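**Q** Sequence:
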Amino acid sequence: MAKAPVANAVRRLWIVLVIVVVIAVASFCVLRLRSFFGNHDTSGIGNSSLDDIKPFNPKHVVYKVWGSGSTANINYLDINAQPRRTDNVPLPWTLSVTTTLPSVSVNVVAQTDGDQIGCQIIVNDVVKDERSVTGVNAETFCIVKSA
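With the numbering used here, letter number 87 in the sequence shown gets 87, and the count goes up by one each step, no holes.
The set of hints was computed from the structure by calculation and includes no laboratory data.
Only a predicted model underlies this, so the values are computations on that prediction, with no experimental measurement involved.
Be careful, since some hints might not be right.
[What the hints assert, rightly or not] Dumping the calculated SDA-like pairs for lysine to any residue here, alpha-carbon to alpha-carbon at most 25 Å: (1) Lys64 to Val123; (2) Lys59 to Ser105; (3) Lys59 to Ser96; (4) Lys59 to Thr99; (5) Lys128 to Pro102; (6) Lys128 to Val104; (7) Lys145 to Asp125; (8) Lys59 to Thr98; (9) Lys59 to Arg84; (10) Lys145 to Arg84; (11) Lys64 to Gly114; (12) Lys64 to Gly135; (13) Lys145 to Leu101; (14) Lys64 to Thr98; (15) Lys64 to Val89; (16) Lys145 to Asn80; (17) Lys128 to Val97; (18) Lys59 to Val104; (19) Lys128 to Val62.
[Claimed, not checked] Okay, the calculated beta carbon distance ranges per label pair: (20) Glu130 to Ile79: 15 to 25 Å; (21) Ser68 to Val126: 19 to 29 Å; (22) Thr100 to Asn75: 22 to 32 Å; (23) Asn57 to Phe28: 41 to 51 Å; (24) Val126 to Asn75: 16 to 26 Å.
C-beta: ideal position from N, C-alpha, C; glycine also.
Model the full assembly from the supplied sequences, consistent with the hints where possible.
**A** In structure tokens:
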């Protein structure tokens with residue numbers, strides 16, 4: 001009769017023992033896979049060296065507006081995508097800026113008191129957009145969505 005309680009305990013204990021063995025084997029496999037694929041940081045906290053953003057190559061952006069009139073009203077987006085306005089500026093007009101932002105979106109809209117106006121956006125010495133319009137109080141625009 002003494003064997004019956006021991007047999008019942010062994011029957012209940014083997015399930016717990018199998019669960020412990022499965023958890024141990026799974027933990028070992030996960031740790032091996034993490035070390036195999038190069039993740040040696042086991043702290044669970046992000047590595048600050050991965051979060052550091054390295055500066056990109058600088059972008060040189062040039063806005064140009066020219067025309068037959070003596071002045072123009074010019075609206076443009078600066079490097080930080082903020083709208084800017086300059087009124088009655090003498091033509092030709094040029095604005096050069098440099099940035100290390102990974103991407104910039106620039107545009108320029110210009111209207112002259114003459115009959116011909118043109119604009120151009122140059123990024124790193126490459127013309128990205130150029131337009132020219134003729135007509136009374138001519139107006140034109142140039143846009144670069146991503147440079």
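**Q** Now, for every hint given, state plainly whether the structure supports it.
**A** Hints, one by one, checked against the model:
1. Lys64 to Val123: holds, 12 Å
2. Lys59 to Ser105: holds, 12 Å
3. Lys59 to Ser96: holds, 10 Å
4. Lys59 to Thr99: holds, 5 Å
5. Lys128 to Pro102: holds, 17 Å
6. Lys128 to Val104: Roughly 12 Å between the alpha carbons, so the hint for lysine 128 and valine 104 holds.
7. Lys145 to Asp125: Since the Cα atoms of lysine 145 and aspartate 125 sit roughly 17 Å apart, the hinted pair holds (cutoff 25 Å).
8. Lys59 to Thr98: Satisfied, since the Cα-Cα distance of roughly 5 Å is no more than 25 Å.
9. Lys59 to Arg84: holds, 20 Å
10. Lys145 to Arg84: holds, 17 Å
11. Lys64 to Gly114: The hint holds at about 17 Å.
12. Lys64 to Gly135: OK: lysine 64 and glycine 135 at ~19 Å, within 25 Å.
13. Lys145 to Leu101: holds, 14 Å
14. Lys64 to Thr98: At roughly 15 Å apart (the allowed maximum being 25 Å), threonine 98 and lysine 64 satisfy the hint.
15. Lys64 to Val89: holds, 12 Å
16. Lys145 to Asn80: Holds, at about 13 Å.
17. Lys128 to Val97: holds, 15 Å
18. Lys59 to Val104: Between lysine 59 and valine 104 the Cα gap is close to 9 Å, so the pair holds against 25 Å.
19. Lys128 to Val62: Given that 25 Å is the threshold and the Cα spacing comes to 10 Å, the pair holds.
20. Glu130 to Ile79: 15 to 25 Å: The hinted range 15 to 25 Å holds for glutamate 130 and isoleucine 79, with Cβ atoms some 20 Å apart.
21. Ser68 to Val126: 19 to 29 Å: Holds: the Cβ-Cβ distance is about 27 Å, inside 19 to 29 Å.
22. Thr100 to Asn75: 22 to 32 Å: Once the Cβ atoms are compared, 25 Å apart, the range 22 to 32 Å for asparagine 75 and threonine 100 holds.
23. Asn57 to Phe28: 41 to 51 Å: About 45 Å separates the Cβ atoms of asparagine 57 and phenylalanine 28, which means 41 to 51 Å holds.
24. Val126 to Asn75: 16 to 26 Å: holds, 24 Å
The structure agrees with every numbered hint stated previously.
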